[in-house]
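The primary structure of each chain is shown beneath.
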Amino acid sequence: MTSVTGRITGEPAVVLHVRPYRETSAIVSLLTLNHGRVALVGRGVRGGKKGSVLQPFNRISVAWSGRGGLGTLTAYEPVGFASLKGTAVAAGFYVLELLSRLVGEHESVPGIFAGTCWCLERLEQGDRPVDVSLRCFEKLLLEELGYGLDFCRDAESGEAIEGSAHYRLSPERGFVRVTRASDGTVPGSVLAEIADESLRSRASRMAAKRLFRVTLDPLLGPRPIASRRLLPGMRA
Amino acid sequence: MAMSPLIDRLIEAFQVLPGVGPKGAQRMVLHLLQHNRTGGQLLAEVLAEAVDRVGECEDCRNLCEEARCRFCADPRRDDALLCVVESPADILAIERAGGFRGRYFVLHGHLSPIDGIGPEELGLDRLLERVSQLQPAELILATNPTVEGEATAHYISEMISERVATITRIAHGVPLGGELEYIDGGTLVHALQGRRSIR
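For the protein sequence lines, the chains are A and B, in the order given.
Here the first sequence stands for residues 1 to 236, numbered as in our numbering.
Here the second sequence stands for residues 1 to 199, numbered as in our numbering.
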């Protein structure tokens, strides 16, 4: 809820990062439902009884004051404690790092917020392979940011992607049919598996990883994503 | 209100200390100059010497002025136990509590991808070297129970799994003398997940 005085209350948020500031305070970076990425100064939030609430991945309900720039955290309550384990933590950091780098401040991003909660839940429950959850998240994030790839249509002819044909990703256009399979081309059947997010075959998972990576990298700029170094399959 | 250039510089210099703002720095400076010049002299000398001579222990990266810190140099300590901590302050806390007689390794931080701190920045290759050299029977991961501390512990356990027979993580849960009613949800979830059979 927003009031005329620049106070926001009861806003759903996911904690992205908490950076120590002075003795007991912290700069808290959040992904919020209606205000996108928000950075707030939390005075005296470190080490207290509620120390476990402001931890990355946790869902909270937050109140703050101040418009734009660095606001002041006025209240927060836990909504859900995340308990990611093992590789899922590294994968979760990757999700948070993408959000920190790509989501604008004070922009309403309900789709990305819902996708983030969904992805973190999948990682926590471990009901799908970690890389499949990450690929689905990357797909959604690119779509929401306006850089989504069309896995169902040939960008040149406009025809539906055929399972037996081969396609090449043309930057900023989409998939274009090629006559022969070669390095960097993807079979239509694999594109279909990425389109419906089933990612059943190893080929589709490898292809999705490569395709999303080449699409994300120009958006991320030259600074490498540090959490990729923590993920076993992503170091290359 | 400025006093004199030198005093102002000193007041500013004191503010490098954590928790010391302009007011506190001014009080400290005036106290030293007005009432305790010998103390001030001593502080200046010891500080200059410490900054000059204190470095990292070549075995465990604890802070010390010798090549090896007192915990690494002590022959009575148990080489079979190696405890990994985030900071030298954690060693002091564990030593104060007593009961641990093994060796230490200090990471000087934790993995924090958003801050750009990965395995290389943390110098985990030094930990690998230490493990190969000491060949402990058990590696205790005593990083903080924060998300970053957990991620660091997990990464180290994966990295070292084939070199050490037992890798353990310090327990976290309800503090001694605590009451469940007043424990925050996150800690309670951990305490329940990490429950232990007593029979």
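Any given hint could turn out to be false.
[As the list claims (entries may be wrong)] Ranges of calculated distance between the beta carbons of each label pair, as one might list FRET restraints: (1) A:Gly-6 x B:Arg-101: 48 to 58 Å; (2) A:Pro-129 x B:Arg-70: 32 to 42 Å; (3) A:Leu-220 x B:Leu-47: 24 to 34 Å; (4) B:Arg-70 x A:Tyr-21: 26 to 36 Å; (5) B:Thr-168 x A:Pro-129: 44 to 54 Å; (6) A:Gly-51 x B:Asp-52: 32 to 42 Å; (7) B:His-31 x A:Gly-126: 41 to 51 Å; (8) A:Glu-156 x B:Leu-128: 43 to 53 Å; (9) A:Thr-74 x B:Ala-137: 32 to 42 Å; (10) B:Gly-116 x A:Gly-148: 21 to 31 Å.
These are computed hints drawn from the structure, not numbers from a lab.
What you are looking at is a predicted structure, and each value in this text was computed from that prediction instead of being measured.
Yeah, the Cβ is synthetic: ideal placement off N, Cα and C, and Gly gets one too.
Quick rundown of the hints versus the structure:
Between A:Gly-6 and B:Arg-101, the C-beta spacing of about 57 Å keeps the proposed range 48 to 58 Å intact. Between A:Pro-129 and B:Arg-70 the beta carbons are some 48 Å apart, a value that contradicts the proposed interval 32 to 42 Å. In this structure the supplied range 24 to 34 Å is violated for A:Leu-220 paired with B:Leu-47, their Cβ-Cβ distance being about 43 Å. The given range of 26 to 36 Å is respected by B:Arg-70 and A:Tyr-21, whose C-beta atoms sit roughly 34 Å from each other.
Distance hint check: the CB atoms of B:Thr-168 and A:Pro-129 are about 28 Å apart, inconsistent with the given range 44 to 54 Å. With their beta carbons about 37 Å apart, A:Gly-51 and B:Asp-52 fall inside the hinted range of 32 to 42 Å. Separated by about 58 Å at the C-beta atoms, B:His-31 and A:Gly-126 break the suggested range of 41 to 51 Å. A C-beta distance of roughly 52 Å is found between A:Glu-156 and B:Leu-128, which places it inside the suggested range of 43 to 53 Å.
Hint check: A:Thr-74 to B:Ala-137, Cβ distance near 51 Å, so the stated range 32 to 42 Å is violated. A beta carbon spacing of about 28 Å between B:Gly-116 and A:Gly-148 agrees with the range 21 to 31 Å that was offered as a hint.
Violation of the numbered hints given earlier is confined to hints 2, 3, 5, 7 and 9; the remaining hints are satisfied by the structure.
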